[in-house]
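There are 4 protein chains.
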Amino acid sequence: MASKSFYAIISGAGSGTGRATALRFAQAYPVVLLARKPESYNSIVAEIKQAGGQAFGLTADATDETAVNAAFESIKKILPGSKLAAAVYNVNGGFAMRPFLELKREELDASLDAAPKGFFTFAQKTLPLLLESVPESPHPPTLIISGATASIKGSALFGSFAAGKFALRALGQSLAREFGPKGVHVSHAIIDGAIDTPESKDWVANNGAEDGKISPDAFIKIAETYWHLHTQHRSAFTQEIDIRPYVERY
Amino acid sequence: MASKSFYAIISGAGSGTGRATALRFAQAYPVVLLARKPESYNSIVAEIKQAGGQAFGLTADATDETAVNAAFESIKKILPGSKLAAAVYNVNGGFAMRPFLELKREELDASLDAAPKGFFTFAQKTLPLLLESVPESPHPPTLIISGATASIKGSALFGSFAAGKFALRALGQSLAREFGPKGVHVSHAIIDGAIDTPESKDWVANNGAEDGKISPDAFIKIAETYWHLHTQHRSAFTQEIDIRPYVERY
Amino acid sequence: MASKSFYAIISGAGSGTGRATALRFAQAYPVVLLARKPESYNSIVAEIKQAGGQAFGLTADATDETAVNAAFESIKKILPGSKLAAAVYNVNGGFAMRPFLELKREELDASLDAAPKGFFTFAQKTLPLLLESVPESPHPPTLIISGATASIKGSALFGSFAAGKFALRALGQSLAREFGPKGVHVSHAIIDGAIDTPESKDWVANNGAEDGKISPDAFIKIAETYWHLHTQHRSAFTQEIDIRPYVERY
Amino acid sequence: MASKSFYAIISGAGSGTGRATALRFAQAYPVVLLARKPESYNSIVAEIKQAGGQAFGLTADATDETAVNAAFESIKKILPGSKLAAAVYNVNGGFAMRPFLELKREELDASLDAAPKGFFTFAQKTLPLLLESVPESPHPPTLIISGATASIKGSALFGSFAAGKFALRALGQSLAREFGPKGVHVSHAIIDGAIDTPESKDWVANNGAEDGKISPDAFIKIAETYWHLHTQHRSAFTQEIDIRPYVERY
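Chains as they are written, first to last, in my numbering: chain A, 1 to 250; chain B, 1 to 250; chain C, 1 to 250; chain D, 1 to 250.
It should be emphasised that the hints constitute simulated quantities derived from the structure, not laboratory data.
Quick caveat, the model's predicted, so the values are computed rather than measured.
The reader is advised that the hints may include incorrect statements.
One copy or two, either will do: identical chains are not told apart, so a pair holds if it fits within one copy or between any two.
What the hints assert, rightly or not - Listed below are the simulated DMTMM-like cross-link pairs for lysine to aspartate or glutamate, each with C-alpha atoms no more than 20 angstroms apart in a straight line:
1. K125 to E106
2. K83 to E240
3. K153 to E107
4. K182 to E224
5. K76 to E107
6. K125 to E107
7. K77 to E240
8. K125 to E102
9. K182 to E102
10. K77 to E224
Next comes chain A alone, as it looks inside the complex (with noise of 0.2 angstroms):
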């Protein structure tokens, strides 16, 4: 099978959308898993492998450039000669909800390193490979970009967490103008429902209402929605999505 030889890593695959996403692309390619710490993927790897999959787990923060290097360098040993067909950036932090005269510069930091800053390394680790792959991969390699309602709205009280949102699909954006032609698919993705961090949690979203706030079938669901844009012809791809609970108000 072509699809054998490729895989797919999903940074920030702690979150509800990092383990749907997970998941979903272990249906097709083995899948590495980056995340701060082992518990945050040990438990979706072992459900891959019960599946029948392919999963790695490797510990690394996204913003330690350092870290995220060495990740690399172990991929290319866990998986001799097998080539990159999907990159899933999921880092969620920095986010903090507050007026804006009681925010500390660390809160915006926080969410520059973890959004802009450190999708900017993995996009420069990931792109030279995705590139590699244009000509053999059963689909367009992929980069993938999960934004959220602040990657297009500053609401009030949350100047911080969405500066780190807009800056990310800034540079989604300037990606998938330069990488499009060059045959990689680059897409950004906002989930528009209770954001997926787990401060979130104990949300109550939508009032409540069934299927409305995303649980975790529901991101089974968004991850669909990764996987079609992944196999998107390149006669037909789509940039920018929007992916929301029936019951949100937008």
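Starting from the structure of chain A, add chains B, C and D where the hints point.
Only chains B, C and D this time, still in chain A's reference frame:
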């Protein structure tokens, strides 16, 4: 099979996107094709039948309310007891590229007739049927609207065409917000390549790059994304999407 | 004074923005007011005259091409030899807030008549006059269009109104791009407060906060921004602008 | 005169927009100019004084929190008892136009330092002062941010620059929503012409058309719009505005 008792309808079936959508949805449902002239759907109906699917052509000008009403009456006889799973509004018309002071009011009228007015009638006919299908449809009942770059950008010389397409998108947004919470998925897709009209047939888009113009094959790929929209779970709806060739400058 | 031989015209003079714009532009130019009924402009004409300005009311339904043509013929007699410096399209109509399946096609038609169709006629009459004024006008000849929140967002229940307003903005963008390089400043202003229609008169917007609803005085402030648009130098044109009360949530 | 006891501050005074804004606001207020080097403000301070205004230059790198803090301490001594009426953040930096895989992480950092980070510090210093001025300021206290086309479009090769500018706009939107209802006008202006940086000085924009590049005179016109933003009444605030030469293609 549950889906045996559901059907899809495509208005404006004669264009590249229309044909491709018909072929794709015919893999799952009997398909009703609406077009102004039998020549527009006859060969597609034949193609679908040859592939083992079911298809029916009906002649109706989308801008003629009476003709559209009659078509929906016919469907009840052709597919008795069958329910509507998906409706696609893909009508083009009113394309004019001309200095504003040379435009005739009739050209603006033609654009508004083909876009917001024709869609208004189509949506008033199909939404009650789609609402009825919510409890049993194999996928969330779906109303898809085909837009163009002119749906979001009023370029010089494209004013009258953009007026229709902007208005169509306004209706799409409003319906997505009103009917989404009721379980009907309304989605607006911008096909951002050489415009899908007979008039554009001879354009050499994107300097003739391979896959750079939306070829008949490319329309098939676009239809895959339409099908994906239809199969999205209600916890992960996409209301607006752009689809463009990898070489498209935007 | 050079500006003595220039005039301004306001279509839809009867609303809050229309009246305020007339008063402001009358400080510099004779002003022609177009409205459907004399009651809409009589008191404004009186107000301007009392303040020492010149104003003329003409009765014409903006959606009636023949009536609009006749009005422009009248202007030649009223202000012989005077040139057009600024034209403002401020017509409202077709406002309906209603579930889509209860809307009548006539309501959509009314919205399209008042917005893109009425403006089309107005623009075809005024743009040739504005082009003629480029060499001598004290400020770049200007065509200003009044929009609303519904110009950029199709909210639930506002579909038909938004269809008209979106289409109007499409024309505005196209004309800005076509006529800007010729020296005519086309600008679209979104008045994002309680909608400027007689129907909205009794709304309590923004919980009744001081300056939270667009009061008659507030419209005067909006008119200052319209005047500023008119006086922008051609090296610094604004083609789209939002104007909203400080308490407005958006 | 009430306005005697109010002042304005401009960070990034050395550029075309900075100089022009300083000259314009100096017609109403004493003006404090912040720039990295005295060479950037010395001649502007002289120009303002010659015209009969008051101006003070302070040396501070906008990305250096300590230096900015010191500058604000100095202002208390230079203008004792005076209150802040308007603050303009006009800092450029981190401009790079380069294939993504050749970009260095330091170039992204420089863009983020100059845009969201520098502005964060500036806004945390100025917003408390602007809030204090609400009751007495001759016009609503105003915080204006200078953006660029890269604030809303991530073009190919402009990724790192756009990342900073997008993030800056995110903060601007959030602050507009948080501080508008408190009476402080926060506004983000996109100057959509040849980019206002020393590096762009030699570009031939818009094929050299008259007024096609933003000339020193044109910047004066842009400054008129900044001044207009400052003088908008709180019932008619503009939070985002585009300003571009009449010949600009967009």
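Each hint, compared with the structure:
1. K125 to E106: between (26 angstroms within a copy, 16 angstroms between copies)
2. K83 to E240: Intra 25 angstroms, inter 33 angstroms, cutoff 20 angstroms: neither.
3. K153 to E107: within (18 angstroms within a copy, 26 angstroms between copies)
4. K182 to E224: Classified as neither: same-chain Cα gap 25 angstroms, cross-chain 22 angstroms, threshold 20 angstroms.
5. K76 to E107: Answer is neither: 35 angstroms inside a copy and 28 angstroms across each miss the 20 angstroms cutoff.
6. K125 to E107: Between copies only: 17 angstroms across chains, 26 angstroms inside a chain, cut-off 20 angstroms.
7. K77 to E240: Neither. Shortest intra-copy (34 angstroms) and inter-copy (42 angstroms) distances fail the 20 angstroms Cα cut-off.
8. K125 to E102: between (36 angstroms within a copy, 12 angstroms between copies)
9. K182 to E102: between (45 angstroms within a copy, 16 angstroms between copies)
10. K77 to E224: Close neither inside one copy (30 angstroms) nor across copies (37 angstroms); limit 20 angstroms.
Checked against the numbered hints given earlier, the structure breaks hints 2, 4, 5, 7 and 10 and satisfies all the rest.
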